[in-house]
Amino acid sequence: MACALRLNLGLQVELKPTIGDDIETAEVVMPILKRLWPADKHKLFVSSFSVGSLTAARRLRTDVPLAIASVVAPVLAGAVGSSNTLKKT
Numbered sequence: 014m015a016c017a018l019r020l021n022l023g024l025q026v027e028l029k030p031t032i033g034d035d036i037e038t039a040e041v042v043m044p045i046l047k048r049l050w051p052a053d054k055h056k057l058f059v060s061s062f063s064v065g066s067l068t069a070a071r072r073l074r075t076d077v078p079l080a081i082a083s084v085v086a087p088v089l090a091g092a093v094g095s096s097n098t099l100k101k102t
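Each residue of the sequence shown is one higher than the one before, starting from 14 at the first, in the working numbering.
Misleading hints may appear alongside valid ones.
Restraint-style ranges between C-beta atoms, simulated for each label pair [claimed, not checked]:
hint : residue 1 : residue 2 : range
1    : V85       : D53       : 27 to 37 Å
2    : R19       : I45       : 30 to 40 Å
3    : D53       : V84       : 31 to 41 Å
4    : C16       : K47       : 27 to 37 Å
5    : R19       : V84       : 26 to 36 Å
6    : K54       : I32       : 13 to 23 Å
7    : R71       : G33       : 18 to 28 Å
8    : A17       : I81       : 34 to 44 Å
9    : E27       : D76       : 11 to 21 Å
10   : V85       : Q25       : 33 to 43 Å
11   : F58       : R19       : 12 to 22 Å
12   : G33       : K54       : 31 to 41 Å
For the record, the hints were derived by calculation from the structure and aren't laboratory data.
Just so it is clear, CB atoms sit at the ideal spot from N, CA and C, and this is done for glycine as well.
Using the sequences and the hints given, assemble the complete structure.
What follows is the structure, encoded as structure tokens:
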């Protein structure tokens with residue numbers, strides 16, 4: 014974090030909970046971000062594959078942008094990249 018701040022870079026923090034620890038992961042990470050990332054630096058966002066982690070993160074920090082992480086199946090990747098509509102395979 015210190016390096017990103019020193020270089021005026023943005024930071025993506027991905028919450029990666031172990032099975033069943035979705036809420037607890039956010040409850041540990043979000044206060045650390047509050048302590049270490051200045052409130053006036055808006056180049057921070059938190060992402061996760063876990064909706065539970067993101068829900069808890071939002072409850073704890075309404076000021077931090079959130080993003081859901083997802084995986085595009087390889088068979089669909091070409092269709093997504095080539096147009097705005099998915100092609101049937």
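Evaluation of the provided hints:
One distance hint, 27 to 37 Å for the beta-carbon pair V85 and D53, holds here, with the actual separation near 35 Å. The hinted range of 30 to 40 Å is not satisfied by R19 and I45, whose Cβ atoms lie roughly 18 Å apart. Checked against the hint of 31 to 41 Å, the pair D53 and V84 passes, with Cβ atoms roughly 34 Å apart. Between C16 and K47 the Cβ separation comes to about 19 Å, which falls outside the hinted range of 27 to 37 Å.
Against the hinted window of 26 to 36 Å, the Cβ-Cβ separation of R19 and V84 comes to about 33 Å, which satisfies the hint. At roughly 33 Å, the beta carbons of K54 and I32 sit outside the given window of 13 to 23 Å. A beta carbon spacing of about 20 Å between R71 and G33 agrees with the range 18 to 28 Å that was offered as a hint. One distance hint, 34 to 44 Å for the beta-carbon pair A17 and I81, is violated here, with the actual separation near 22 Å.
For E27 and D76, the hinted distance range of 11 to 21 Å is satisfied, since their beta carbons lie about 18 Å from each other. Between V85 and Q25 the Cβ separation comes to about 18 Å, which falls outside the hinted range of 33 to 43 Å. Roughly 19 Å separates the CB atoms of F58 and R19, a value that falls within the hinted 12 to 22 Å. In this structure the hint that G33 and K54 lie 31 to 41 Å apart at CB holds, the actual value being about 32 Å.
Checked against the numbered hints above, the structure breaks hints 2, 4, 6, 8, 10 and satisfies the rest.
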